[in-house]
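Colleague: Residue numbers (our numbering), protein chains in the order written: chain A, 5 to 387; chain B, 5 to 387; chain C, 5 to 387; chain D, 5 to 387.
To be clear, the hints were calculated from the coordinates, so they are not data collected in a lab. Treat the hints loosely; a few may be bogus.
Put simply, identical chains are the same to the list, so a pair is met inside one copy or across any two.
To be verified - In silico lysine-lysine, DSS-like type, Cα no more than 30 Å apart, as pairs:
| id | residue 1 | residue 2 |
| --- | --- | --- |
| 1 | K160 | K179 |
| 2 | K276 | K195 |
| 3 | K195 | K179 |
| 4 | K276 | K179 |
| 5 | K163 | K179 |
| 6 | K160 | K276 |
| 7 | K163 | K7 |
There are 4 protein chains.
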Amino acid sequence: MSKKLKMGMVGGGIGAFIGAVHRHAAALDGNIELVCGAFSSTAEKAQASGRALGIDEQRNYTSYQEMFDREAELPAGERMDFVAIVTPNHMHFPVACAALKAGFHVISDKPATLDLNEAKELEALVAHTGLLFGLTHTYTGYPMVKEARQWIADGKLGKIRKVIVEYTQGWLSEKEDDDNKQATWRTDPTKSGASGCMGDIGSHAGNLAEYICGTSIEQVCAELSIFVPGRMLDDDGIALIQMGGGIKGILHASQVAAGEENNLTIRVYGEKGGLEWHQQEPNSLEIKWLDSSKQILRTGGNHSAIAAANTRTPMGHPEGYLEAFANIYKNFCQAVLAFQQGEPSDSQSLDYPGIAEGVRGMALIEALVESSRSSDKWYSIKP
Amino acid sequence: MSKKLKMGMVGGGIGAFIGAVHRHAAALDGNIELVCGAFSSTAEKAQASGRALGIDEQRNYTSYQEMFDREAELPAGERMDFVAIVTPNHMHFPVACAALKAGFHVISDKPATLDLNEAKELEALVAHTGLLFGLTHTYTGYPMVKEARQWIADGKLGKIRKVIVEYTQGWLSEKEDDDNKQATWRTDPTKSGASGCMGDIGSHAGNLAEYICGTSIEQVCAELSIFVPGRMLDDDGIALIQMGGGIKGILHASQVAAGEENNLTIRVYGEKGGLEWHQQEPNSLEIKWLDSSKQILRTGGNHSAIAAANTRTPMGHPEGYLEAFANIYKNFCQAVLAFQQGEPSDSQSLDYPGIAEGVRGMALIEALVESSRSSDKWYSIKP
Amino acid sequence: MSKKLKMGMVGGGIGAFIGAVHRHAAALDGNIELVCGAFSSTAEKAQASGRALGIDEQRNYTSYQEMFDREAELPAGERMDFVAIVTPNHMHFPVACAALKAGFHVISDKPATLDLNEAKELEALVAHTGLLFGLTHTYTGYPMVKEARQWIADGKLGKIRKVIVEYTQGWLSEKEDDDNKQATWRTDPTKSGASGCMGDIGSHAGNLAEYICGTSIEQVCAELSIFVPGRMLDDDGIALIQMGGGIKGILHASQVAAGEENNLTIRVYGEKGGLEWHQQEPNSLEIKWLDSSKQILRTGGNHSAIAAANTRTPMGHPEGYLEAFANIYKNFCQAVLAFQQGEPSDSQSLDYPGIAEGVRGMALIEALVESSRSSDKWYSIKP
Amino acid sequence: MSKKLKMGMVGGGIGAFIGAVHRHAAALDGNIELVCGAFSSTAEKAQASGRALGIDEQRNYTSYQEMFDREAELPAGERMDFVAIVTPNHMHFPVACAALKAGFHVISDKPATLDLNEAKELEALVAHTGLLFGLTHTYTGYPMVKEARQWIADGKLGKIRKVIVEYTQGWLSEKEDDDNKQATWRTDPTKSGASGCMGDIGSHAGNLAEYICGTSIEQVCAELSIFVPGRMLDDDGIALIQMGGGIKGILHASQVAAGEENNLTIRVYGEKGGLEWHQQEPNSLEIKWLDSSKQILRTGGNHSAIAAANTRTPMGHPEGYLEAFANIYKNFCQAVLAFQQGEPSDSQSLDYPGIAEGVRGMALIEALVESSRSSDKWYSIKP
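All chains, full assembly: derive it from the sequences and hints.
Modeller: What follows is the structure, given as structure tokens:
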């Protein structure tokens with residue numbers, strides 16, 4: 005892939021965690037060039053960030069709308085090919101809409117939008133414009149997650165019966181200081197949406213379970229909690245779930261699991277065996293057999309084509325979070341290039357999360373919130 | 005402790021898994037002598053088993069009632085001091101009642117009885133006779149489990165918020181053959197009680213959570229499942245739980261988690277930190293801190309008095325299942341000796357599971373079954 | 005096995021670590037009865053220990069010679085069947101000789117003797133008397149160690165090329181107090197022999213490597229060290245080794261590896277794959293394949309007959325140090341019973357370490373000490 | 005750091021493993037731009053590689069000398085700032101010399117040269133030109149390796165006594181095919197130097213031990229082996245080592261450890277405690293205490309400034325091999341920028357491996373080879 009794609013960025017100014025992650029991920033393969041940005045809603049900070057990032061002064065914008073307007077005016081080979089959205093959650097939707105309307109492909113941090121209605125509206129807009137939309141559900145970018153999905157798709161574990169997916173963190177165990185910017189917006193309903201913990205990380209857990217199992221969560225029985233007094237949104241949640249194909253299981257997310265780092269874990273059990281994967285040691289995939297010894301599959305081993313295509317280093321040279329993130333960018337960029345060459349560029353075959361996953365995520369969050377408020381046991385997710 | 009206690013056994017004939025386990029556990033410390041038994045409901049098998057075990061012909065009985073009658077007639081220093089009940093579940097209650105009525109202390113495999121009514125009746129009989137009743141909830145016998153309980157009791161992790169307890173096995177992933185005796189009676193309601201998986205292993209999980217947290221499960225929202233067609237009892241179950249003190253969590257048990265061995269695991273999170281313990285590697289207890297590095301406590305380390313009292317070997321000399329089981333016997337025998345010397349012999353201070361745990365267990369099983377049948381979210385456990 | 009064997013014990017009075025371990029191990033299967041003892045070289049302590057252990061006053065001896073004389077006079081069904089020697093190292097040889105001369109089988113803690121000359125003399129005496137001699141090289145008692153040996157014997161890993169065996173502890177990292185009895189005699193040449201660390205634990209490591217590989221260490225290039233000032237014997241040692249069949253490797257032992265508990269580990273590599281075993285998590289055996297995924301074999305799995313015969317509980321019910329120790333006793337007792345019935349009772353087929361391993365161990369220790377003193381690279385072990 | 009540095013590359017054409025790794029590592033932080041290259045000694049392949057990488061035709065050179073000549077003629081802001089050398093080993097030295105003579109800073113894959121003489125000559129040339137030379141000893145780029153070094157430098161583990169460093173791979177367990185380019189040149193003395201396994205990976209192990217301990221290997225007692233018939237260079241080696249400050253230990257490297265991936269592991273023991281790190285799970289650093297529970301330090305935790313400066317993501321977002329590699333590039337680039345601004349740019353304070361490490365590495369390899377040929381026990385490394 006010799007052509008470098010040109011990327012613009014909205015949000016992600018200096019000090020923003022996720023902006024730096026997106027930039028590392030986009031840079032890793034040497035195929036994407038960051039050419040412009042509107043890095044902050046504060047003009048001064050936007051400018052300073054752009055300068056620190058070595059952005060051309062002319063393309064260091066102070067508002068995203070200005071960026072879209074001006075970039076659209078540039079000649080084809082010069083203007084940005086796509087925009088990365090790394091703002092706080094509540095801005096994902098308006099920025100994405102503006103970008104699409106200005107004719108730009110979008111790769112957005114998750115969640116896609118603040119609520120299900122927005123997500124459906126965005127889905128319609130994506131369909132209407134025919135442009136590409138990628139969503140950085142990072143964790144499906146890991147090679148061993150892709151291998152797990154392939155094993156299940158191939159029926160190697162037999163019919164799937166159970167899935168237990170958990171995402172536990174401890175960093176919100178205490179009331180956040182007002183100057184912890186990360187914590188503050190994530191616990192503010194107007195910026196995060198109807199759910200805190202479930203919106204932030206439970207949605208990743210749900211996406212991971214659906215990606216690996218190849219089927220959807222259909223019903224939930226949820227209990228969301230606020231453990232830290234004074235907080236407005238859930239900082240913890242547990243749900244019984246039912247997925248297509250008769251799969252039952254648990255979805256558990258917590259940001260008050262004191263001492264946990266970023267512990268996303270999934271276990272799946274079928275009639276013939278099970279599998280287990282831990283994001284914190286992502287290069288191992290345990291395969292447990294009903295009638296044989298446990299096996300440990302490893303990144304870089306002789307695995308499925310899809311795992312191999314998302315691996316950069318040989319066995320024993322560990323890959324991590326940025327590599328998984330970079331896989332989303334890499335696959336999205338292949339779609340952009342395919343699009344530019346008039347080839348099929350759907351998220352399914354090119355294996356990156358798209359607007360469909362965005363809608364599913366918002367529907368799941370809504371269902372978890374509604375179920376938690378209800379005294380009925382089961383709540384069905386609107387398809 | 006120089007005096008050896010004399011033990012009789014009901015059930016546990018040759019080929020019975022749990023009978024051999026009880027005998028190993030009772031023998032380990034050299035303080036208990038197996039002097040008599042009614043090892044099977046089949047006279048011939050009972051006799052053969054007793055002979056194989058080197059039991060005196062005169063005390064190799066063919067029925068438990070005969071054993072209680074005859075032993076009661078023996079002089080004090082000669083007759084058995086207590087009886088161990090290791091029959092299938094449905095016989096625990098009648099044998100325990102007969103033993104108590106004949107004046108013998110009882111140590112019984114779990115569950116205490118087939119249902120909650122029996123358990124309460126047994127509780128009343130224990131109280132009425134003033135005799136001792138021990139219940140082999142093995143997993144609370146591990147030193148690191150006792151250490152975990154102590155940490156929480158001492159408030160080292162702060163107020164507890166969450167508990168996730170899971171007990172997964174895979175051995176019932178396929179329909180049991182008729183000649184798998186273990187599997188057959190465990191899936192037969194007349195021999196196992198109202199629940200299969202939850203009765204067999206979910207009750208251990210509940211007991212472990214209550215023991216470590218020092219509080220009771222008060223409400224459950226359960227989904228029990230039968231995954232293997234043709235089975236009459238649940239082979240899998242998940243429940244949201246609420247415990248005293250505002251603790252929320254998950255109780256998960258499965259016997260169709262293909263590839264799992266005997267994977268009992270508990271995680272507890274408090275305001276300051278969390279802990280994690282795995283029965284399959286029982287000599288490590290992970291302590292996770294909100295503000296510091298994770299620590300690994302190890303059996304034999306410089307820990308609480310209660311952990312030390314239940315440890316036999318120095319650090320790095322691994323203890324296992326039989327040692328944990330033996331701790332129940334050891335502590336129960338200390339109670340028997342104390343009783344014989346007129347000293348306090350309550351299960352609480354001498355740290356062995358008793359009839360209270362038996363009643364709690366049956367109440368939990370009943371609640372899980374009832375909740376699973378209900379469309380209401382929460383079901384309260386009868387105190 | 006209905007007949008209980010009668011055991012006498014020399015050493016192992018109250019407070020002695022290894023004496024209690026031997027008693028637990030002997031008791032575990034319910035087939036051995038401790039009937040007599042000379043538990044200490046101090047008469048008063050010997051008596052007190054025997055009383056605490058519930059030994060009959062008549063058979064609670066104050067000297068081992070007295071015990072052997074008196075027991076030999078008892079009628080056949082009453083006198084002890086064998087004696088367990090659990091004294092400090094320097095007494096192993098004289099006690100074993102006295103026992104054999106009095107007609108008793110011996111099971112001895114390791115090392116067999118203080119030096120190679122004694123070991124050869126003992127070997128001759130064992131041969132001369134035709135009696136049985138067992139040596140408690142505990143670590144070969146683990147089921148997964150036996151499984152490892154079987155895999156290699158079966159050629160599953162191809163021709164073996166490398167072995168790395170390490171036994172690291174940290175408890176002698178500081179100068180021992182005079183009242184640490186364990187530490188004191190282990191670092192005293194007159195009680196421990198010519199080597200400290202290598203004699204105490206390096207010999208276990210060598211035995212483990214030879215047992216698993218089925219061949220002998222032939223040459224060593226050793227560097228023994230005294231890291232703690234004031235100590236008279238090595239507290240650490242490393243050696244390059246060469247074994248039969250062209251195997252090369254490392255033997256490493258340390259008692260100043262601060263923070264290590266009882267970390268005996270072995271790795272073996274053949275042409276097709278490797279294996280790895282850790283004593284501190286003894287129920288897993290890693291099999292690494294050149295061309296396939298790593299497998300984890302587990303105690304209780306569907307393994308070799310020899311592993312199965314030394315396993316008591318099903319998969320996932322962890323076995324530990326005492327169970328491994330008990331396997332030595334169990335297998336030795338099978339030999340004693342076979343002997344009493346006039347059947348073959350050799351250590352090889354009945355799988356317990358005997359005097360041959362004792363001689364090998366002393367030859368290894370001598371070679372390590374001599375090599376360490378030499379400026380030549382390689383030192384050959386006297387066969 | 006807003007200014008992007010311009011990089012040229014020699015070697016690393018399409019299909020070359022290490023070339024791609026260097027490019028990923030250089031790209032990750034978005035601060036380096038690959039502007040030119042001489043990607044192969046075969047002109048056609050060089051051109052094709054450059055095109056595939058999107059290199060400007062004018063700067064897609066067919067020989068390194070041509071590249072240095074032409075780039076030197078370009079104006080300051082346009083020509084490359086430094087050159088990365090990723091050729092087979094035997095070309096490192098001539099290319100580095102040519103680059104330095106042409107006035108370019110050099111970052112080179114390791115080993116620095118084919119032998120010690122070349123290394124010293126290169127060291128002199130670096131000193132003479134005053135230019136910068138970086139050497140990609142990747143593994144010292146990991147944050148937890150830097151943390152380990154800091155702990156020891158701070159004396160937290162007390163005086164260091166032991167170090168065990170091992171680097172085991174299995175990929176050369178069988179005779180390499182002629183078409184396995186990786187394997188072929190690594191086992192050819194004219195391209196790899198005097199040692200195979202020790203030169204390729206043993207040198208990494210030595211560098212890691214010296215970096216963490218802050219002292220040098222002074223003596224070795226080595227046994228190098230060729231296990232696979234027909235091979236000309238060692239495929240395995242073990243050495244007893246002695247380091248400055250009285251540290252003793254083991255250096256073990258193997259490429260015939262069947263089933264191992266890229267298993268670089270180090271353990272260090274001091275008077276107060278020990279540490280252990282595994283490259284395959286690089287985000288954990290175990291700290292073992294003589295008198296307390298083991299701690300697990302994690303990448304992203306609240307650690308030393310030097311670890312923090314080399315970490316990109318928060319705890320629980322695993323970093324891997326490319327991130328470690330990128331740290332070498334990042335730190336080297338800081339030195340280049342400092343150099344360009346007339347500031348101190350030494351490898352010591354800016355923490356990247358330089359020519360001193362290159363000379364040390366070649367001295368170690370030479371010593372291991374010589375020691376292996378000698379019948380004397382110890383061989384001193386020439387300072």
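Colleague: Among all the numbered hints in the text so far, which are the ones the structure does not match?
Modeller: 7
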